[in-house]
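Protein chains: 2
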Amino acid sequence: MISLIEYIGITAGMLTTLSFLPQVIKIWRTRDVSSISLLMYSFFCVGVFLWLVYGVAMSSFSLIAANAITLFLAGCVLFLKIIIKDK
Amino acid sequence: MISLIEYIGITAGMLTTLSFLPQVIKIWRTRDVSSISLLMYSFFCVGVFLWLVYGVAMSSFSLIAANAITLFLAGCVLFLKIIIKDK
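Respectively, the protein sequence lines represent chains W and S.
Following the working numbering, the numbering of the first sequence begins with 1 at its first residue and continues without gaps.
Following the working numbering, the numbering of the second sequence begins with 101 at its first residue and continues without gaps.
Bear in mind the hints are in silico, worked out from the structure with no lab data behind them.
Chain S is faced by these chain W residues, among others (derived, beta-carbon under 10 Å):
| hint | residue |
| --- | --- |
| 1 | Leu4 |
| 2 | Thr11 |
| 3 | Gly13 |
| 4 | Leu18 |
| 5 | Pro22 |
| 6 | Ile36 |
| 7 | Met58 |
Which chain S residues stay away from chain W? Per the calculated CB distances, all over 12 Å, these:
| hint | residue |
| --- | --- |
| 8 | Met101 |
| 9 | Phe161 |
| 10 | Ala165 |
| 11 | Phe172 |
| 12 | Phe179 |
| 13 | Ile183 |
Each residue gets a CB set at the ideal place from its N, CA and C atoms; glycine is no exception.
Okay, chain W solo, but in the shape it has when bound (with noise of 0.2 Å):
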């Protein structure tokens, strides 16, 4: 049986997890990177990369999964700022 504090947990996790996607949309849409910060994203990509090795070492199973998916999202909106920047 799952507590509603680790319901809570994993709701948080799903959520600052998924809140890239609308990101990753909107710029693959609309091609406007302009706001993005380039370092805001190479200093998150770097620090959810560590929390993925840190999860490894752990061997815990959410911190890979929701760091993972993290690092794709966060990872395409940085690709993204740094191509549509080079145009």
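Use these hints to put chain S onto chain W, whose structure you have.
Using the frame of chain W, we list chain S on its own:
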């Protein structure tokens, strides 16, 4: 003595938390929020708030500290997105 893996976790937490600061500064300076996704920051702030609730319930100082700072910074982005959009 803190282990290497805990140092990785602490560095990960600092990077993902403080990464929002350059985004806040960029918006503050340029007043441009055109490519920022309102949906992303809405979901993200609710998610980080739930992480904060989770941290309080788990009496985890790290979770409380990291998510309080992240909520403040991501909340600034959300606030700027809303007020600048309404201009």
